[in-house]
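Going by the numbering used here, the residue at position 60 of the sequence shown is 60; the numbering climbs one at a time, nothing skipped.
Hints are supplied without guarantee of correctness; some may be wrong.
Derived lysine-lysine pairs resembling DSS-like cross-links, with alpha carbons at most 30 Å apart [claimed, not checked]:
| # | residue 1 | residue 2 |
| --- | --- | --- |
| 1 | Lys22 | Lys3 |
| 2 | Lys98 | Lys22 |
| 3 | Lys22 | Lys56 |
| 4 | Lys98 | Lys68 |
| 5 | Lys28 | Lys3 |
| 6 | Lys98 | Lys56 |
| 7 | Lys56 | Lys28 |
Treat the hints as calculated values from the structure; they're not laboratory data. Given the structure is predicted, the values throughout are model-derived calculations rather than measurements.
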Amino acid sequence: FYKGPEGLIGVPNPRIREGCEKEHTSRKNAQRRFTTSNYGLTSWPALEWEFVVSPKPGFQYPHTPADKALWPPGCGWKGEHGREAVPLGEMLAREEIKTLCRVASLREEEVICLSLYTGPMFVLYNASLR
1 FYKGPEGLIG VPNPRIREGC EKEHTSRKNA QRRFTTSNYG LTSWPALEWE FVVSPKPGFQ
61 YPHTPADKAL WPPGCGWKGE HGREAVPLGE MLAREEIKTL CRVASLREEE VICLSLYTGP
121 MFVLYNASLR
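Produce the entire structure from the sequences given, and follow the hints as far as they go.
Here it is, written out as C-alpha coordinates:
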(Lines of atoms letter the chains of each structure in order from A and count residues from 1; the text may use other names and numbers.)
(Lines give C-alpha, C1' and ligand atoms only; values in the text may rest on other atoms or scores of the structure.)
Protein backbone atom coordinates (compact mmCIF):
# COMPACT_ATOMS: atom_id res chain seq x y z
CA PHE A 1 0.00 0.00 0.00
CA TYR A 2 2.71 2.49 0.99
CA LYS A 3 4.61 1.93 -2.26
CA GLY A 4 1.72 3.31 -4.31
CA PRO A 5 0.41 1.90 -7.63
CA GLU A 6 3.92 1.39 -9.00
CA GLY A 7 4.70 -0.93 -6.09
CA LEU A 8 1.67 -3.05 -6.95
CA ILE A 9 1.56 -3.05 -10.75
CA GLY A 10 4.86 -1.58 -11.91
CA VAL A 11 5.89 1.57 -13.71
CA PRO A 12 3.70 2.66 -16.64
CA ASN A 13 5.04 2.38 -20.18
CA PRO A 14 5.99 5.92 -21.34
CA ARG A 15 4.92 4.95 -24.89
CA ILE A 16 1.20 5.10 -24.18
CA ARG A 17 -0.19 3.51 -27.33
CA GLU A 18 2.33 0.66 -27.23
CA GLY A 19 1.59 0.09 -23.54
CA CYS A 20 -2.17 0.10 -24.10
CA GLU A 21 -1.90 -2.27 -27.03
CA LYS A 22 0.19 -4.73 -25.02
CA GLU A 23 -2.25 -4.49 -22.10
CA HIS A 24 -5.12 -5.46 -24.39
CA THR A 25 -3.47 -7.93 -26.77
CA SER A 26 -0.48 -9.59 -25.08
CA ARG A 27 -1.26 -9.93 -21.38
CA LYS A 28 -2.51 -13.19 -19.93
CA ASN A 29 -6.11 -11.92 -19.80
CA ALA A 30 -6.13 -10.65 -23.42
CA GLN A 31 -8.27 -13.61 -24.52
CA ARG A 32 -10.27 -13.98 -21.30
CA ARG A 33 -13.97 -13.54 -22.05
CA PHE A 34 -16.29 -11.43 -19.96
CA THR A 35 -19.96 -10.49 -20.26
CA THR A 36 -21.41 -7.06 -19.63
CA SER A 37 -24.37 -6.84 -17.29
CA ASN A 38 -25.98 -3.92 -19.12
CA TYR A 39 -26.10 -5.23 -22.72
CA GLY A 40 -25.46 -8.93 -22.18
CA LEU A 41 -22.63 -9.12 -24.68
CA THR A 42 -19.50 -11.22 -24.36
CA SER A 43 -16.11 -9.97 -25.48
CA TRP A 44 -12.41 -9.95 -24.50
CA PRO A 45 -9.66 -7.28 -24.43
CA ALA A 46 -7.85 -8.29 -27.65
CA LEU A 47 -11.11 -8.32 -29.60
CA GLU A 48 -12.10 -4.90 -28.28
CA TRP A 49 -8.68 -3.46 -29.20
CA GLU A 50 -9.14 -4.80 -32.72
CA PHE A 51 -12.70 -3.41 -32.87
CA VAL A 52 -11.54 0.09 -31.91
CA VAL A 53 -8.23 0.30 -33.80
CA SER A 54 -8.53 -1.85 -36.92
CA PRO A 55 -11.75 -3.84 -37.24
CA LYS A 56 -11.83 -6.61 -39.84
CA PRO A 57 -14.33 -5.90 -42.62
CA GLY A 58 -17.33 -8.21 -42.44
CA PHE A 59 -16.41 -9.68 -39.03
CA GLN A 60 -19.36 -10.07 -36.64
CA TYR A 61 -18.23 -8.18 -33.53
CA PRO A 62 -20.38 -8.29 -30.38
CA HIS A 63 -23.30 -5.82 -30.43
CA THR A 64 -22.91 -5.02 -34.14
CA PRO A 65 -24.32 -3.66 -36.32
CA ALA A 66 -25.99 -0.59 -34.85
CA ASP A 67 -29.32 -1.58 -36.45
CA LYS A 68 -30.93 -3.91 -33.93
CA ALA A 69 -33.03 -5.53 -36.67
CA LEU A 70 -29.81 -6.97 -38.14
CA TRP A 71 -28.53 -8.62 -34.96
CA PRO A 72 -28.08 -12.40 -35.08
CA PRO A 73 -31.20 -14.30 -33.97
CA GLY A 74 -31.05 -15.40 -30.34
CA CYS A 75 -27.95 -13.32 -29.53
CA GLY A 76 -29.50 -12.13 -26.24
CA TRP A 77 -28.08 -8.62 -26.54
CA LYS A 78 -29.96 -5.78 -24.88
CA GLY A 79 -30.41 -2.16 -25.88
CA GLU A 80 -32.17 -0.16 -28.55
CA HIS A 81 -29.16 -0.13 -30.88
CA GLY A 82 -25.69 -1.58 -31.21
CA ARG A 83 -22.39 -0.19 -32.39
CA GLU A 84 -20.60 0.14 -35.71
CA ALA A 85 -17.05 -1.01 -36.44
CA VAL A 86 -15.20 2.02 -37.80
CA PRO A 87 -11.42 1.91 -38.31
CA LEU A 88 -9.60 4.43 -36.12
CA GLY A 89 -8.09 6.29 -39.07
CA GLU A 90 -11.50 6.66 -40.68
CA MET A 91 -13.05 7.91 -37.46
CA LEU A 92 -10.23 10.41 -36.86
CA ALA A 93 -10.63 11.74 -40.42
CA ARG A 94 -14.23 12.83 -39.76
CA GLU A 95 -14.50 16.59 -39.43
CA GLU A 96 -16.64 16.47 -36.28
CA ILE A 97 -14.13 14.15 -34.60
CA LYS A 98 -11.20 16.33 -35.67
CA THR A 99 -12.95 19.32 -34.13
CA LEU A 100 -13.73 17.52 -30.87
CA CYS A 101 -10.16 16.23 -30.59
CA ARG A 102 -8.75 19.69 -31.24
CA VAL A 103 -11.06 21.38 -28.71
CA ALA A 104 -10.32 18.75 -26.04
CA SER A 105 -6.61 18.50 -26.99
CA LEU A 106 -6.94 14.73 -27.36
CA ARG A 107 -4.14 12.63 -28.78
CA GLU A 108 -4.81 9.52 -30.84
CA GLU A 109 -4.04 7.15 -27.97
CA GLU A 110 -6.50 9.03 -25.75
CA VAL A 111 -9.21 8.60 -28.38
CA ILE A 112 -8.44 4.86 -28.43
CA CYS A 113 -8.75 4.65 -24.64
CA LEU A 114 -11.99 6.64 -24.61
CA SER A 115 -13.43 4.42 -27.33
CA LEU A 116 -12.45 1.31 -25.40
CA TYR A 117 -13.94 2.65 -22.17
CA THR A 118 -17.26 3.53 -23.77
CA GLY A 119 -17.56 -0.06 -25.03
CA PRO A 120 -17.60 -3.34 -23.11
CA MET A 121 -14.14 -2.75 -21.62
CA PHE A 122 -15.69 -0.47 -18.99
CA VAL A 123 -16.48 -3.70 -17.11
CA LEU A 124 -12.82 -4.60 -16.64
CA TYR A 125 -11.62 -1.02 -16.14
CA ASN A 126 -14.19 -0.28 -13.44
CA ALA A 127 -13.54 -3.60 -11.69
CA SER A 128 -9.83 -2.83 -11.43
CA LEU A 129 -10.50 0.64 -10.04
CA ARG A 130 -12.85 -0.48 -7.27
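Compare the distance between the alpha carbons of Lys22 and Lys56 with 30 Å, and conclude whether the hinted pair is satisfied. Since the Cα atoms of Lys22 and Lys56 sit roughly 19 Å apart, the hinted pair holds (cutoff 30 Å).
Compare the distance between the alpha carbons of Lys98 and Lys68 with 30 Å, and conclude whether the hinted pair is satisfied. holds, 28 Å
Restraint status (C-alpha distance of Lys98 to Lys22 at most 30 Å): holds, 26 Å
Lys98 and Lys56 were given as a pair; does the straight-line alpha-carbon distance stay at or below 30 Å? Roughly 23 Å separates the two Cα atoms, so the pair holds.
Tell me if the straight-line CA distance from Lys22 to Lys3 falls inside 30 Å. holds, 24 Å
Are the Cα positions of Lys56 and Lys28 separated by 30 Å at most? holds, 23 Å
Against the 30 Å threshold, does the CA-CA distance of Lys28 and Lys3 hold or violate the hint? holds, 24 Å
In summary, this structure violates none of the numbered hints.
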